[in-house]
Amino acid sequence: MKINTKDLISAALLIGFAVVGLWLNMDHTLGTARRMGPGYMPMLAFWILLGLGAIVLLLSLFNGPDPIPMWTGPEIGFLLAGAVGGTAAGLVAAGMPGWVGAGWNPLGIGLFVGCMIVSVVKSWRPLFLISAAFTLFGLLLEPLGLMVAIATSVVLSAFADETHKPVGVLGLVAFLCALCWAVFIYELDIRVPVWPVF
Amino acid sequence: MDLFANLAHGFSVALTFNNLLFCLIGCLIGTAIGVLPGIGPVATISLLLPITFGQPATTAIIMLAGIYYGAQYGGSTTAILLNLPGEVSSVVTTLEGYKMARRGRAGAALTVAALGSFFAGTVATVVVAASGPLLTQVALSFGPADYFSLMFLGLVISAVLAQGSVVKSIGMVVLGVSMGMVGTDVQTGQQRFTFGIPELSDGVGFVSMAMGMFGIAEIILNLERPEARSVMSGKVGSLMMTREEFRRAVPSVLRGTLVGTFLGILPGGGAALSSFGSYMMERKVSKGRHEFGTGAIEGVAGPESANNAASQTSFIPLLTLGIPANAVMALMVGALIIQGIQPGPRMVEAQPDLFWGLIASMWVGNLMLLVINLPMIGMWVKLLSVPYRFMYPSIMIFCAIGVYSLQNNVFDVYQTVVFGIFGYLCSKLRLEAAPMLIGFVLGPMMEEHLRRAMLLSRGDPMVFVERPISATMLAIAAIALGAMLMPNLRKGKDAALQEGG
Numbered sequence: 001m002k003i004n005t006k007d008l009i010s011a012a013l014l015i016g017f018a019v020v021g022l023w024l025n026m027d028h029t030l031g032t033a034r035r036m037g038p039g040y041m042p043m044l045a046f047w048i049l050l051g052l053g054a055i056v057l058l059l060s061l062f063n064g065p066d067p068i069p070m071w072t073g074p075e076i077g078f079l080l081a082g083a084v085g086g087t088a089a090g091l092v093a094a095g096m097p098g099w100v101g102a103g104w105n106p107l108g109i110g111l112f113v114g115c116m117i118v119s120v121v122k123s124w125r126p127l128f129l130i131s132a133a134f135t136l137f138g139l140l141l142e143p144l145g146l147m148v149a150i151a152t153s154v155v156l157s158a159f160a161d162e163t164h165k166p167v168g169v170l171g172l173v174a175f176l177c178a179l180c181w182a183v184f185i186y187e188l189d190i191r192v193p194v195w196p197v198f
Numbered sequence: 001m002d003l004f005a006n007l008a009h010g011f012s013v014a015l016t017f018n019n020l021l022f023c024l025i026g027c028l029i030g031t032a033i034g035v036l037p038g039i040g041p042v043a044t045i046s047l048l049l050p051i052t053f054g055q056p057a058t059t060a061i062i063m064l065a066g067i068y069y070g071a072q073y074g075g076s077t078t079a080i081l082l083n084l085p086g087e088v089s090s091v092v093t094t095l096e097g098y099k100m101a102r103r104g105r106a107g108a109a110l111t112v113a114a115l116g117s118f119f120a121g122t123v124a125t126v127v128v129a130a131s132g133p134l135l136t137q138v139a140l141s142f143g144p145a146d147y148f149s150l151m152f153l154g155l156v157i158s159a160v161l162a163q164g165s166v167v168k169s170i171g172m173v174v175l176g177v178s179m180g181m182v183g184t185d186v187q188t189g190q191q192r193f194t195f196g197i198p199e200l201s202d203g204v205g206f207v208s209m210a211m212g213m214f215g216i217a218e219i220i221l222n223l224e225r226p227e228a229r230s231v232m233s234g235k236v237g238s239l240m241m242t243r244e245e246f247r248r249a250v251p252s253v254l255r256g257t258l259v260g261t262f263l264g265i266l267p268g269g270g271a272a273l274s275s276f277g278s279y280m281m282e283r284k285v286s287k288g289r290h291e292f293g294t295g296a297i298e299g300v301a302g303p304e305s306a307n308n309a310a311s312q313t314s315f316i317p318l319l320t321l322g323i324p325a326n327a328v329m330a331l332m333v334g335a336l337i338i339q340g341i342q343p344g345p346r347m348v349e350a351q352p353d354l355f356w357g358l359i360a361s362m363w364v365g366n367l368m369l370l371v372i373n374l375p376m377i378g379m380w381v382k383l384l385s386v387p388y389r390f391m392y393p394s395i396m397i398f399c400a401i402g403v404y405s406l407q408n409n410v411f412d413v414y415q416t417v418v419f420g421i422f423g424y425l426c427s428k429l430r431l432e433a434a435p436m437l438i439g440f441v442l443g444p445m446m447e448e449h450l451r452r453a454m455l456l457s458r459g460d461p462m463v464f465v466e467r468p469i470s471a472t473m474l475a476i477a478a479i480a481l482g483a484m485l486m487p488n489l490r491k492g493k494d495a496a497l498q499e500g501g
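In the order they appear, the protein sequences are chains A and B.
Residue numbering for the first sequence follows our numbering, starting at 1 and increasing by one per position.
Residue numbering for the second sequence follows our numbering, starting at 1 and increasing by one per position.
Chain A with its partners taken away, still in its complex shape (with noise of 0.2 angstroms):
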């Protein structure tokens, strides 16, 4: 047996949406052929990527070896760490009164927390913390205005590279948020706050 790891996980992703997908489209009336309902074209579609999902997994367990590297622990355990964490963060924001339960902030919230958890690992720092920096944006951008948001997100993600230095962080700081004034603000005229409002 030579099993292809890549595959093998691909198989299962997609025969997790697939299934899930049929799953959600017992809600929608199929129909007829001739008068197709909502739920006709879904219900095709899920069940050629079920079919697709087996073939890649048939296919998986012969085409391999194509390991992918094994997750350390640490790797491992701040990945469930952060998936528990954000969702926790997420629904204890969406009980919160104010701001912080308001809109989409529990979601943010929620990314944002479970993120910088899994970041603490530093082999998952470029993909979590890109993600937090970009998540954080989102967060600020509303209640503290866009040069707030651009600086706090660049700073945040400048430590997803080791190379930079405070010095160039600051340029690029102040070197963004002149380029974006002009761009989106004066140009464009964007409806976007740009100071925080007090």
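Mixed in with the good hints there might be a few duds.
To be verified - Part of the chain A face toward chain B, derived, beta carbon under 7 angstroms:
{"hint": "1", "residue": "Thr5"}
{"hint": "2", "residue": "Ile9"}
{"hint": "3", "residue": "Ala12"}
{"hint": "4", "residue": "Ala33"}
{"hint": "5", "residue": "Leu49"}
{"hint": "6", "residue": "Gly51"}
{"hint": "7", "residue": "Val56"}
{"hint": "8", "residue": "Leu58"}
{"hint": "9", "residue": "Trp104"}
{"hint": "10", "residue": "Leu107"}
{"hint": "11", "residue": "Gly108"}
{"hint": "12", "residue": "Trp124"}
{"hint": "13", "residue": "Ser131"}
{"hint": "14", "residue": "Ser157"}
{"hint": "15", "residue": "Ile190"}
What the hints assert, rightly or not - Calculated pairs, DSS-like style, for lysine-lysine (alpha carbon to alpha carbon, straight line, at most 30 angstroms):
{"hint": "16", "chain 1": "A", "residue 1": "Lys165", "chain 2": "B", "residue 2": "Lys287"}
{"hint": "17", "chain 1": "A", "residue 1": "Lys2", "chain 2": "B", "residue 2": "Lys382"}
{"hint": "18", "chain 1": "A", "residue 1": "Lys122", "chain 2": "A", "residue 2": "Lys165"}
{"hint": "19", "chain 1": "B", "residue 1": "Lys428", "chain 2": "A", "residue 2": "Lys122"}
To be verified - Stretch by stretch, here's where chain A covers chain B in the computed footprint (C-beta under 8 angstroms, at least three residues):
{"hint": "20", "region": "64-76"}
{"hint": "21", "region": "351-359"}
{"hint": "22", "region": "404-411"}
Simulated from the structure, these hints should not be mistaken for laboratory data.
Even glycine gets a Cβ: it sits at the ideal position worked out from N, Cα and C.
Based on the hints, put chain B in the right spot on chain A.
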């Protein structure tokens, strides 16, 4: 001649100050991202989509198109000088181009790449202009069943030509189609797979998906591998070609243009495929084939002409049939739809400004690129000294502001994060993102045509094989799929794409 009147009209649109300006901006950005490795036209165009909304549709498309073919020009610079492909479509240029640079003929290689591209661009412009209206006439006779089969063919070919396992790529196509089902059902108004989230009733964010899977995921992948930029090999040297080099390059440019023009029209084709196809051809048929591997000018002239021709002719299926041939064209569909224009055969008549203006702007853009690239080559080389650590936060911030400004909703920002993580996962599992994007764009259109076709045929699926056009499309799709099952051909493709990146 109608063609000339139409082209004249196109130039009158393309030569307005605003359109010229945005064409120039598009070409400049395109060259810049072409020169810089690590950021491609798909990511850039999705990044700049939101910025174009304030502009009229024609201006927006002119600029976005400029980025795509501009990137083909810029990509050759990095390939020749640094042995690094600035774009996927320049991978084969590194093979001969860098060797030429080592022999001190970098200038000649750059010149032939730019002149070849310009020639190919001019030919491709004429081809698009001439074939567009013709194909539109054909397309107007298409019924819903034919459309469905045509899209089906497009999806199959885009999966077959994608890198790696065909089954996985088809899986990604279908996954994209399924994601296209999210949102309000057009005919009944029922909410599908929205989980009660109002933001999803318009469907999964197209820009979020493209930015996440191409922009953010690309940043993360680039950060993971250490920066490997070799030092520039010597000087650019004289830009002049010798007479001998010129004589050898001409047939290659002609062949490359032909290959590129043809492969660009093919669904699933595009710049990357055609530059590779041309390289293979040059290695087999050109007079200098015994010199390949030591810096043969044919190996630069052919592929560089081909990728530029293809980047323009790949607009043909989009402009005439409304069907995107590759991921960049899928983004163009997105841009058009957001602008309120339904791409399809009626576009030539309903939007003559856009159709002819875009075609004329392609030629204008090529002219600009010639000037941008040759005399100003030094400036672009300097751009390469900007370290990636300054680029990635900038890309990230531009993505974030762009995606937010779509609907002034932070939900889109979070959606992009999720797609970024998903895109990273996919690339680690060697699941191709491009077929998924095409599937996502074509999915809803396919559903509509499928429903209409079945309604017209009273529920008889035989309609897809009874109509000659539709049957032909399905037959080609079947042959393409069947061909990939043959081990020899598949190995050939894998080897080809491996070498071609």
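A quick look at each hint next to the structure:
1. Thr5: The hint is violated - Thr5(A) has no Cβ within 7 angstroms of chain B, the shortest such distance being about 9 angstroms.
2. Ile9: 6 angstroms, holds
3. Ala12: This interface hint is violated because 10 angstroms lies over the 7 angstroms limit.
4. Ala33: 4 angstroms, holds
5. Leu49: 5 angstroms, holds
6. Gly51: Constraint on Gly51(A) not satisfied, violated at 9 angstroms.
7. Val56: 5 angstroms, holds
8. Leu58: Violated. Min distance 10 angstroms.
9. Trp104: 5 angstroms, holds
10. Leu107: Interface hint status for Leu107(A): holds (5 angstroms vs cutoff 7 angstroms).
11. Gly108: For Gly108(A), the interface hint holds, since the closest Cβ of chain B sits about 6 angstroms away, which is under 7 angstroms.
12. Trp124: The hint is violated - Trp124(A) has no Cβ within 7 angstroms of chain B, the shortest such distance being about 10 angstroms.
13. Ser131: 5 angstroms, holds
14. Ser157: 5 angstroms, holds
15. Ile190: 4 angstroms, holds
16. Lys165(A) / Lys287(B): Outside the cut-off at roughly 53 angstroms; violated.
17. Lys2(A) / Lys382(B): At roughly 48 angstroms apart (the allowed maximum being 30 angstroms), Lys382(B) and Lys2(A) break the hint.
18. Lys122(A) / Lys165(A): 18 angstroms, holds
19. Lys428(B) / Lys122(A): Holds. Lys428(B) to Lys122(A) sits at ~18 angstroms (cutoff 30 angstroms).
20. 64-76: violated (count 0)
21. 351-359: Violated: only 0 residues of the region 351-359 of chain B have a Cβ under 8 angstroms from chain A.
22. 404-411: holds (count 6)
Violation of the numbered hints given earlier is confined to hints 1, 3, 6, 8, 12, 16, 17, 20 and 21; the remaining hints are satisfied by the structure.
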